Every structure is written in structure tokens, then in C-alpha cells.
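Asks: Please model the complete structure; the sequences and the hints are all you need to start from.
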Amino acid sequence: MSWTRRTLTALAVCALLPLGAAGCGTGGAHGNGTSVSPSPVGKVLDDTDDTGRHLREVGKKNAPDVGVEVTPDPAGGWDVLLTLHHFRFSPAAGKPRALPARGLVCLLVDGRPVTRLRARGYHLADRLVPHGTHHVTARLYADDGTVWAVHGKAVESTADVTASGADPDASAPPSGPTGQGAEPAGPSVGTTTVTVGP
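Heads up: take any position in the sequence shown, counting from 1, add 22, and you land on the numbering used here.
No lab work stands behind these hints, which were simulated from the structure alone. Misleading hints may appear alongside valid ones.
With a straight-line cut-off of 16 angstroms between C-alpha atoms, the simulated EDC-like cross-links for lysine to aspartate or glutamate are [claimed, not checked]:
#1 K65 <-> D165
#2 K175 <-> D68
#3 K175 <-> D95
#4 K175 <-> D101
#5 K117 <-> E79
#6 K117 <-> D166
#7 K175 <-> E91
#8 K65 <-> D166
#9 K82 <-> D72
#10 K175 <-> D71
Here the structure is a predicted model, which is why all the values come from computation and not from measurement.
Replies: Encoded structure:
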């Protein structure tokens, strides 16, 4: 009789174990042979940005948005200030997964990644923006490394910065700071122009 009870108990545990395991999993699920993200947000596209990161498409309504302003620092270099809408920085020690409108900002100069930001301000050294015109871009990334996108375009903003050094061959006098340009419609692209003389 004790053998029967042990067998029935073992059978009951084996029958209930898969049900309990399904409810206590990490959120990963398999259906029809495909893996489902533990926190599905948007749709990961086959398209990538210029750094090779996949785009994560979200709807335009309440989509994350970023603006970037670059101004000369009197002590040297450039000060970058970000304006964020519908986006929050996630902690550096967070899990590498996409959460709605969260992540970090990748700062690029002329398409080259310079730093990852989890704050609204940053100081660019003079060496990163030498004589000439350069493009400073702030692009929004999810914590899993995908790029937030709307209508197939990365959510980013670019400031065009012209640094004028002392050039003896220059025929035109150096110009002072100019006003900022208006951002185009839509959350995915913005432009600011700054020209600085010596």
C-alpha cells in the first residue's frame, strides 16, 4: 500500500511540475518554433543603423524623441545638452532587455560613436570637433542594443557644428555664433546649426 501512495504522489508531482514551471519562467516562451522576448516592445526590423544595430520600430504616438543642442564652452570644447520626450534613462546595471521608452543615448560625431550617455549633458573635447563642419548626433538605444525607430528611421537628432580656427588663408572674416535651426516634423530627425569663430 505504501508503494502505491508513493507512486501516486510521484505521478501527481510529475503532472503538476510542468504547470508550475510554465508560470515561474523568466518570461521566455516558445511558440511555433520561435522565441518570444520576455518584454516585447515594438518590432525588431531587419534594417540596421550605420553602426550595425537593428532598429526597433514603435508607433509614432508617444514615441521616444530626442533633441540635441551643442554650444561652445568658453574654457574650450563643446557642451552638449539633450532634450528628451517620452524617454527615460535606465540604470547602467539594468538588464539588457528592451523596456518601453527606456535606454540610453549614443553620441556620435561624424557617424563615429563617441560615448554612451545616461545623463542629459556631456562635454566634447576640442579634438573631437576640429576645424571644419561636423555632425554631432544623439541617437536613442534600448538596453538590448537595438535602436528606437519610427517609420523605419532611427530616433535621433543632429547638430551641425562648424569650428573655425585661426586660418591665415581664410579670406572671409570669422563668424560668430548663429541661431538654431528648426527641427523637421516627426520624432526621428532634428537639426541644430552652430558656427563658432576663434
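Asks: Determine for every hint whether it applies to the structure shown.
Replies: Taking the hints in turn, this is what the structure says about them:
With a C-alpha separation of about 15 angstroms, the suggested pairing of K65 with D165 holds against the 16 angstroms cut-off. Under the criterion of a C-alpha separation no larger than 16 angstroms, the hint pairing K175 with D68 is consistent with the structure, at around 12 angstroms. Pair hint K175 plus D95 does not hold up; C-alpha atoms about 31 angstroms apart against a cutoff of 16 angstroms. A distance of roughly 26 angstroms separates the Cα atoms of K175 and D101; the hinted pair therefore is violated under the 16 angstroms criterion.
Among the hinted pairs, K117 with E79 is inconsistent with the structure: their alpha-carbon atoms are about 20 angstroms apart, more than 16 angstroms. Among the hinted pairs, K117 with D166 is consistent with the structure: their alpha-carbon atoms are about 8 angstroms apart, no more than 16 angstroms. Taking the CA atoms of K175 and E91, the gap is about 20 angstroms. The hint is violated against a cut of 16 angstroms. As the CA atoms of K65 and D166 are separated by approximately 13 angstroms, the hinted pair is consistent with the 16 angstroms bound.
A hinted pair counts as satisfied when its Cα atoms are at most 16 angstroms apart, and K82 with D72 does not qualify at roughly 22 angstroms. Among the hinted pairs, K175 with D71 is consistent with the structure: their alpha-carbon atoms are about 8 angstroms apart, no more than 16 angstroms.
Violation of the numbered hints given earlier is confined to hints 3, 4, 5, 7, 9; the remaining hints are satisfied by the structure.
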